[in-house]
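Protein chains: 2
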Amino acid sequence: MKPVKIGLLGLGTVGSGTVQILQRNTKEIAGRTGRAIEILLIAVRDINRPRSIDTRSIELTQDPYAVVNHPDIDIVVELIGGDTFAKDLVMKAIANGKHVITANKALIANYGNEIFEQAQQQGVVVAFEAAVAGGIPIIKALREGLAANQIEWLAGIINGTSNFILTEMKEKGREFADVLAEAQQLGYAEADPTFDVEGVDAAHKLAILTSIAFGVTLKFDKVAMEGITDITPLDVSYAEQLGYHIKHLGFARKTQQGIEMRVHPTLIPRQRLIANVDGVMNAILVKGDAVGPTLYYGAGAGGKATGSAVVADLIDVVRTLTSDPDNRVPHLAFQADALVDLPILPLTQIETAYYLRLSLLDKAGVLAEITQILGQHHISIEAVIQKEPSNENTPAVTMIMLTHKVIEQHMNQAIVAMERLDSVMAKVVKIRLEHLNK
Amino acid sequence: MKPVKIGLLGLGTVGSGTVQILQRNTKEIAGRTGRAIEILLIAVRDINRPRSIDTRSIELTQDPYAVVNHPDIDIVVELIGGDTFAKDLVMKAIANGKHVITANKALIANYGNEIFEQAQQQGVVVAFEAAVAGGIPIIKALREGLAANQIEWLAGIINGTSNFILTEMKEKGREFADVLAEAQQLGYAEADPTFDVEGVDAAHKLAILTSIAFGVTLKFDKVAMEGITDITPLDVSYAEQLGYHIKHLGFARKTQQGIEMRVHPTLIPRQRLIANVDGVMNAILVKGDAVGPTLYYGAGAGGKATGSAVVADLIDVVRTLTSDPDNRVPHLAFQADALVDLPILPLTQIETAYYLRLSLLDKAGVLAEITQILGQHHISIEAVIQKEPSNENTPAVTMIMLTHKVIEQHMNQAIVAMERLDSVMAKVVKIRLEHLNK
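Residue numbers (numbering that gives the first Met the number 0), protein chains in the order written: chain A, 0 to 437; chain B, 0 to 437.
So that you can see chain A by itself, here it is in the shape it has in the complex (with noise of 0.2 Å):
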């Protein structure tokens, strides 16, 4: 068979990853495909620019629409990231009748209902494994792997920034500010670190996978998101000694009220797999009916561990290049007309257990009034620990309290009422608690 022919849009870390890989492994994947796949056209910001991989055979221009309107170019590879303008070039694609292979998961998250229903028009495909934790398959896993199922929940470590900056807090005591520091020399978190450690990197991936495990369209804007920044390694350290690790968790349920979509620090018994996951590695960990949990792990990011995921999706597309288009897997998993509308949750009404951080003054009579607050409240308590104060000036000790699950606007109005009592000299700190058994 004749060779496919794409042009990639972007040659920074995932682009080059990609090319190499085409580069290195050509035998491998004409050897799976029964065909070859031969790069035509690299749009570039800048042709002059010094690379570390080999292009000479490979023509580059600075216009990317040469290469979205490129006659001979069957798939295009976008790979420069942003939305707007990566949008615009996607978007021409698919009206010229090209497939689309995209690692952007901010565009798919923010405009992927739109590109999905322009390509399903166009009869082409949008492919975006590598959107979601690199390259982890979880897009395949979910899509076709676990099709059988209904799926439960997930929960995901999909930000590896925030994950190194939780694992060296958790491993060596540090304070947050200090490894990000690191985190930013050792080209983990970007100089504006901001989508990584406030979870908007974490929030773009699990409104993808939130759709694709429940069937519904793309609600990027309904992710309840926090970050990591108001960790301490005082919380971190009270976590383990009661047996738990805290992870940046993007965590996404179904229930009978709605769907559950959230992106925030959560404590996680350290006996789960999902819990050891350290470093700069990503793992998502899906329930489904039949098959129980399964969990995925591996790089979330890397030029080469992106490449992966992209040119699994090239090798996928090549292959559907021939097929019937309504026998596709579909773009979220499910036939456009079988997407159901479910309502997302907001924060306060879902159901969680939470830990808890109060600076209470040392008296008798303190902890009675906050477990009345909790008990009015319907909140029950599966642990406490004491701290006695550090040093004798101080007349506040430390209480650590893990919960049972309740709904979390039950517990802000029970924290809101404990910070009013005289006892409580500090905010409440509050950490949610998941313990990803069933």
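For the record, the hints were derived by calculation from the structure and aren't laboratory data.
Treat the hints with caution; some may be incorrect.
The list cannot tell twin chains apart, which means a pair is met if one copy fits it or any two copies do.
Taking lysine to aspartate or glutamate pairs in the DMTMM-like style, the calculated list, with each CA pair at most 25 Å apart, reads [what the hints assert, rightly or not]:
hint : residue 1 : residue 2
1    : K26       : E116
2    : K26       : D336
3    : K171      : E181
4    : K26       : D323
5    : K4        : D325
6    : K169      : D277
7    : K362      : D336
8    : K26       : D325
9    : K169      : E387
Dock chain B against the given chain A, drawing on the hints supplied.
For chain B alone, kept in the frame of chain A given last:
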């Protein structure tokens, strides 16, 4: 679109799980595939046996050939197990132009080459996700998700019974035979547990994984196989003290000399995620040249978990019904003409690290004798611990050594030489060790 009609061979644990999933998740599955799946006929051993599932709307037969010869059946699902009879049925179904789905690892490991060749000639698919690691979509991950990669090695905990036994031995210091008896009572192990504890079941699965990882034909008879029957609580405990867990591992690696394909007890550093996969759960760690290490974890057995893989295959096959056979995912990951015939290395030629337990006469100069022999065979030591005799009446001390990597033949020669020494008082215990970190 009109429903796809399927027939089942067998209605045991996996058959019942499959039917339950198709009944419970009918809407979900139709929403994904865009068409319904209808069970037309199921062949059972005894039509009158009471069943836990609702078969009122399904026709049952005691004649399996009625299924494979049924003119209206598009897909035959083989779930009777065993190999020779199952093979005859599967070949007949293929000859009749039907697609086949099977959970039968023995069948694929032993006769896969012949079956796939016949299927290709007939233009049908034989899908076997359920044959390896139950509900974990590892076949899909390897054949498609990691298709961009040259796979370097893979390591799997792929027999739940063995993993349950080793986990109990580790956590409770119990003896092998004692835990096996419990596993049999719990239904994890068969009355004849040979296939599980001697490694045959794991070897079937490893043969399949090896083929699709490296693009070689199936060679089950070349799998080097050791079970867990000789593992003692003593060795489990010493391994722990050195920072390792003992797991029954299927391991395959591509080397310059050929392919290592072996199943045996293995020490793994406890900080590896896979070392912490406990109980009956399965996991496969795969190292690709682009993606790095990825891990897949889940239930490796059970009716509904395995049924999850069967139904995922069903959905896949339904999607390819109209597709050009040349553009399907090849059975063994690579196009038939791209499969390579690499030699499978005998156990004597593999290269690995070792745990050695020696029972030595407690006198001066013994250690020098041992280290001299190791040196002569180019074996270097990574760690040694010496245990004082547990009571004064025995003149023996126990010495545990971890070695660096060495060709197994050299290790075997060194052991023969050590066992000839007067100061070596018992057979040397040898367990392989894999770091699984590069």
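Against the structure, the hints:
no., hint, in the structure
1, K26 - E116, "between (35 Å within a copy, 22 Å between copies)"
2, K26 - D336, "between (40 Å within a copy, 12 Å between copies)"
3, K171 - E181, "within (13 Å within a copy, 42 Å between copies)"
4, K26 - D323, "between (28 Å within a copy, 22 Å between copies)"
5, K4 - D325, "both (23 Å within a copy, 19 Å between copies)"
6, K169 - D277, "both (10 Å within a copy, 24 Å between copies)"
7, K362 - D336, "neither (62 Å within a copy, 80 Å between copies)"
8, K26 - D325, "between (31 Å within a copy, 18 Å between copies)"
9, K169 - E387, "within (22 Å within a copy, 37 Å between copies)"
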